[in-house]
Every structure is written in structure tokens, then in C-alpha cells.
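Here are the chains, one letter per residue:
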Amino acid sequence: MGLIARQIEAAGIPTLCLGSALSILGSVFPPRLAFVDFPLGHTAGKPNDPEGQLRLLRQALRGFEFAGPGRVLRVDEVWSEDDSWKDEVMRPDPENPAAADNRTERHATPQYQSEEDERAALERGDCPTCVFLPA
Amino acid sequence: MPAYRKPPVDYIERTRALYGSMGFAAYDWRRIAEPPAFATLKKPLSECRLGLLGSGGVYEHGQTAFHFRDDISFRVIDTTRGTAALRATHFAYDLEGARKDPNVVFPIDPLQRLVAAGELGELSSRAYAFMGGIYSSRKVEETLAPELVARVVKDEVDVALLVPV
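If you read the sequences in order, they're chains E and A.
1 is the number of the first residue of the first sequence in the numbering used here; add one for each residue after it.
1 is the number of the first residue of the second sequence in the numbering used here; add one for each residue after it.
Simulated from the structure, these hints should not be mistaken for laboratory data.
Any given hint could turn out to be false.
Unchecked claim - Listed below are the simulated DSS-like cross-link pairs for lysine-lysine, each with C-alpha atoms no more than 27 Å apart in a straight line: (1) E:LYS46 with E:LYS86; (2) A:LYS6 with E:LYS86; (3) E:LYS86 with A:LYS139; (4) A:LYS43 with A:LYS139; (5) A:LYS139 with E:LYS46; (6) E:LYS46 with A:LYS154; (7) A:LYS139 with A:LYS42; (8) A:LYS139 with A:LYS154.
What the hints assert, rightly or not - One side of the interface only, derived from the structure: several residues of chain E facing chain A at Cβ under 10 Å: (9) PHE35; (10) LEU73; (11) ASN96.
Said to hold, decoys possible - Okay, the calculated beta carbon distance ranges per label pair: (12) A:GLU142 with E:ASP49: 34 to 44 Å; (13) E:ARG124 with A:LYS6: 24 to 34 Å; (14) A:GLY118 with E:GLU115: 23 to 33 Å.
All C-beta atoms in this analysis are idealised placements derived from N, C-alpha and C, irrespective of residue type, glycine included.
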């Protein structure tokens, strides 16, 4: 995402990346970075927590005011009372190391959230708001 | 930082350790040391039109979903329609939260509330959703990014918020 931010910025538009994988994002030096120390998949807040999401976004957007690249705004929100969730991320259990292998098969067909979504898309036939780029 | 807080998870290191333990070569993460271009904010956020881009694999009911093999397509999402019809699909993160509430990866509702509160000028009616975890950084830099740049320029956004997963 940082690669995309750099190109948008080069077109003259200030960008802000809001991310939780600090090492990955930081490695491509994005123009502005706001860091949320939450598990991946929850960078913009906890589900069904509109007040927490609002606080988080309000803080993060202050990152647009940075005067130059290289600084990281740390959003002051915590995921849980302790940080024990971090111990488990991508760490194999010594008792059962194979369980950490959570790789998903890279299907080349659309992976719908539900069968109903798939039916709706197929019934519709075309997707004018889908943009497919040459690989 | 209180003593019970642990440092941020280093996903590069953990990926390397986990897949290394399975005998796979380390993924060669793209690294850039050269400072990026930097555009200064020309007016207060309360007067800015913000464009939202997210790589959490969000699509709208009725749109084609993403596939998992280096999918570099994107979906144009109408931000005036709220988040009820948004769905999420991705091979690389736990989707439970995003499927309960897509705002956790694609924060349309809180941004609209900041607009209503006068803290943000406007949320562009067109947001862009795609699926991260694209293995080839070349495809991102040469194909996907230039197309997204063209879109946000055409939308005349003043600032862009990017939410990776």
C-alpha cells in the first residue's frame, strides 16, 4: 500500500497510510504513516464499535498535518487489557507446529463471502464498477 | 508505554521465521530507502475532499469478488450507500471482524461522521477497494498504482487515506 501512496503523493495529493503491520509498511517509506497497534484486519477499529472507530480515525487524520516524510503517528488506542494477542501471531505451537501453516489455496476464481453474493453477481452478469487490469 | 505493553508485531520477521521453519525461502519484501515525494496540505482537512482506498478485499454485494492469485483488480465503491452491502474476502487475514463490520478495514461510516461534524470537508463518493497480499510488487507499481493515481486525480480529491491490511 505504501507503494501506491508514494505514487499518489508524487501526483501532488497528500496521502496517509493507516496501518498495523508497521515493519511491512515502513519498509517502503510511505509519505505519512499512522500506526494502529491492533491485530491485522482491524486497523480502523473494533467491529461494531462506532465510537472507538471515530476516535481512532480522528486521531489518525492528524497525520496529514506532518510537515515532512518519515514520522509515524501512533494512534493511542489499545486492543485489549494486555498485549498477549501479539504472542500468538504467526508463532507455531511447539506441540502442533503444522497448525501454524494457515496458508490458503490461491484460487483463481472469485471467492465470495457467501453463496448469495455469488448468485447476485452471476445474475447481474456484468460488473461496471469492477476494474480488471491486464496481468 | 506501560510495562505490560509489548512492541509492535514485526510481521516481516515472523513471516520469515514461520515459513523458514517450513523450509520455504524468505519472501523478498520490497524495500525503499529513498524518501518519497511529499505534497503539503493546501487547506485544512475541514475543507478537503478525502479519497479512501483500502486493500482489505472489500467488495459490494452484486460485484464480482476477488480471487486469491495475485488479483490486481479493484472495485469502485459508492460511499454514499453506507456499509451494509459491503463484503470482505481475503486469503491472508482473519475476516471475522470485517464481515461483522466492514468499517474495520474500510472506514466509510466514521469518515462520514467526521464530515457531519465538520472536521472533514467531504468523503469522495468513489472509494477504491482491492485485495492486498499481491506477491508481485512490480504488478502493483507498474499496473495497479498508476490506474489508482489516475482515478483519484480525476475524482479531484485533496487528500487520500490508504488503509492496508
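_Structure-inconsistent hints, enumerated in ascending order_ = As far as the earlier hints go, 3, 4, 5, 6, 7, 10, 11, 13 and 14 are violated by this structure, in ascending order.
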